[in-house]
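Asker: This is what each chain is made of:
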Amino acid sequence: MIEARDISVAIGGKRIVSHVDFVARPGEMSAIVGPNGSGKTTLLKALTGEQAYTGTVTLNGRDLSAMKPVEAATLRAVLPQSTALSFPFTVREIVRLGLIGGRSGVLPGEDQRLPERALARVDLDGFAGRFYQELSGGEQQRVQLARVLCQVWAPVLEGRPRFLFLDEPVSSLDVKHQLIIMNIARDFARRGGGVVAILHDLNLTAMYADRIFVLHRGQLAASGAPMDVLNDKLIERVFDCHLKVGALPTGSVPFVLPQSAA
Amino acid sequence: MAEQSIAGAAGRAMAADGDRSVRARSVILLLCLALALCVFLSLTSGASDASAVRVIRDWFIGAVPADAVLAARDQLIVYDIRMPRVLLGVLIGAALAVCGAVMQGLFRNPLADPGLIGVSAGSGLGAVAIIVLGATWLAPVTLALGALALPLAAFSGGLAVTLLLYAIATRQGRTSVATMLLAGIAISALAMALTGVLIFMADDRQLRDLTFWQLGSLAGATWAKVSTVGPVIVLALSAMPFLSRGLNALALGEATAGHLGIPVQRLKYIAIVGVSAAVGASVAVSGGIGFIGIVVPHVLRLAIGPDNRYLLPASALLGATMLLLADAVARTIVAPAELPIGIVTAVAGAPFFLWILLRNRGIVDL
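As you go down the protein sequences, you meet chains V and X in turn.
Using the UniProt record's numbering, the first residue of the first sequence is number 1, and each one after it goes up by one.
Using the UniProt record's numbering, the first residue of the second sequence is number 1, and each one after it goes up by one.
Isolated chain V (complex conformation) (with noise of 0.2 Å):
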């Protein structure tokens, strides 16, 4: 579990996240939303301790700020929005960076052939001897994903909850692969870990969440479950537009939601 207690962020003087309260439990999707520049991904880089924060965060019982890099790291794994590289590395090589901690949690022997799984598992069956720097934004983006899943492809540890922490992982795909991304990330909680994602679909979000962490100017605005939190008072407040929850368009526009995906 992972309990973080009246965080607050300030960055160069100005408050980004201040005194919010946020719990992530094994076997959940918990999905921090909100609108741009609320404070979504500094909250996430202070869960993951990237970012200097004042407040408690805990995972599974032990304040992470004591805690060494190599530990935090058998107990989660952190995806970024975006990562650009200066070296010519195939995706093979870049999984298998996953793999530095030792802790995938495979039987040993099996760490070899992870890297082939992970990138089957994110649909990029075949990409292991290309070169990152040639793939689109969106390969780059589920090459990382197959790093991360290295890193804990357990979910559970030594009867430990791991957790994922991914910062817009479905940002630059498209709808085939954003479902496939976030089946694999609910598979994860299903399994016995914990997933904290930041999404700005709402759509994906209402579909796949078991709890939603909604930020705005830096302090939580709701939180709880999709059904009790999405509601048009909040989007109205929130988000600075007139939208009604659940509103079918008028007339013959064409809509698509995740949700009819058989």
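Simulated from the structure, these hints should not be mistaken for laboratory data.
Cβ atoms here follow ideal geometry from the backbone N, Cα and C, with glycine treated the same way.
Certain hints may be false.
[Unchecked claim] Derived contacts from chain V toward chain X, CB cut-off under 10 Å, selection only:
1) E71
2) A73
3) E168
4) G251
Add chain X to chain V, keeping to what the hints say.
Answerer: Chain X alone, transformed into the frame defined by chain V:
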């Protein structure tokens, strides 16, 4: 397609798609052989016709040479002139190439070089101060240290710059690599300005010494120099293999490296101190030798990929080989005089570097 053009040189011995470790190992083996060959050639060739083979054979079988005077001369040339020079060449070539590779990994930039963050400029300032002021203001230092004054001054200069940079760029226990790079440019400029003042003060004889030293040379290699800088370089280089996995992770960015379990701050600290020690020691005895630190890792990245577990040892081997070859050219092309080796490495290195860049524009994204 790009994959095939790169694979061409070393064959296509691949364990799995995108896994270049088998090829990397065979390239390292080839480099070992190449270095051994170069060491042998460097020991046996030179301005004099002394035969290293004969000297070594005599020493092995304990034979009494027919011409004692000639044998003594040959022994002197091989043991006391060529051997320390070859050893220094190997050590410095390896140090420059490995330090280049480590800096590039640390700054996530294939153009990074110890020269960039001011280590070389600081070492240069220390050395120039001894050359120009050694007889006057710094006379006590030169008197106390003798021949070691110059290498030690260069070494201290490099280390001082590094520590200063590290202090400037570290805030709340985190070292900003970008700040360090920018501060390095400023401090380099300052060190070079001070060096300029010293050059302005220098007399004609000192100017000649200075110019020669700045262009870089392995001439004047002695066992004393080997024993002064050798341990520093060997110690610094032997720490580098422990950094290779961390440097690989750093390619994804500092934050991601941390998330993968790498103690990033400690990695940066060891890399920076190790590089400044090895570069300071190298500059101290050989002056400024350019291009090895950029060209060698770059060529190897194209051949075996950027995995530092293979890149660092391969860089050490190829760097040593390249410097020995450059030195062989430097001391034979205008024999019995000698060309500064820095000229050879620049003349050979710069066009080669450009050619590599133009040929692989698609893959190497600067």
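Asker: Should the hint that A73 (chain V) touches chain X count as held when the rule is a Cβ pair under 10 Å?
Answerer: holds (3 Å)
Asker: Does E71 (chain V) meet its interface restraint, that is, does its C-beta lie within less than 10 Å of any C-beta in chain X?
Answerer: The hint holds - E71 (chain V) has a Cβ within 10 Å of chain X, the shortest such distance being about 8 Å.
Asker: Against chain X, with CB atoms and a cut of 10 Å, does the hint on G251 (chain V) hold up?
Answerer: violated (47 Å)
Asker: With a cut-off of 10 Å on the beta carbons, see whether E168 (chain V) makes it to chain X.
Answerer: Constraint on E168 (chain V) not satisfied, violated at 15 Å.
Hints 3, 4 from the earlier list are contradicted by this structure; the remaining hints agree with it.
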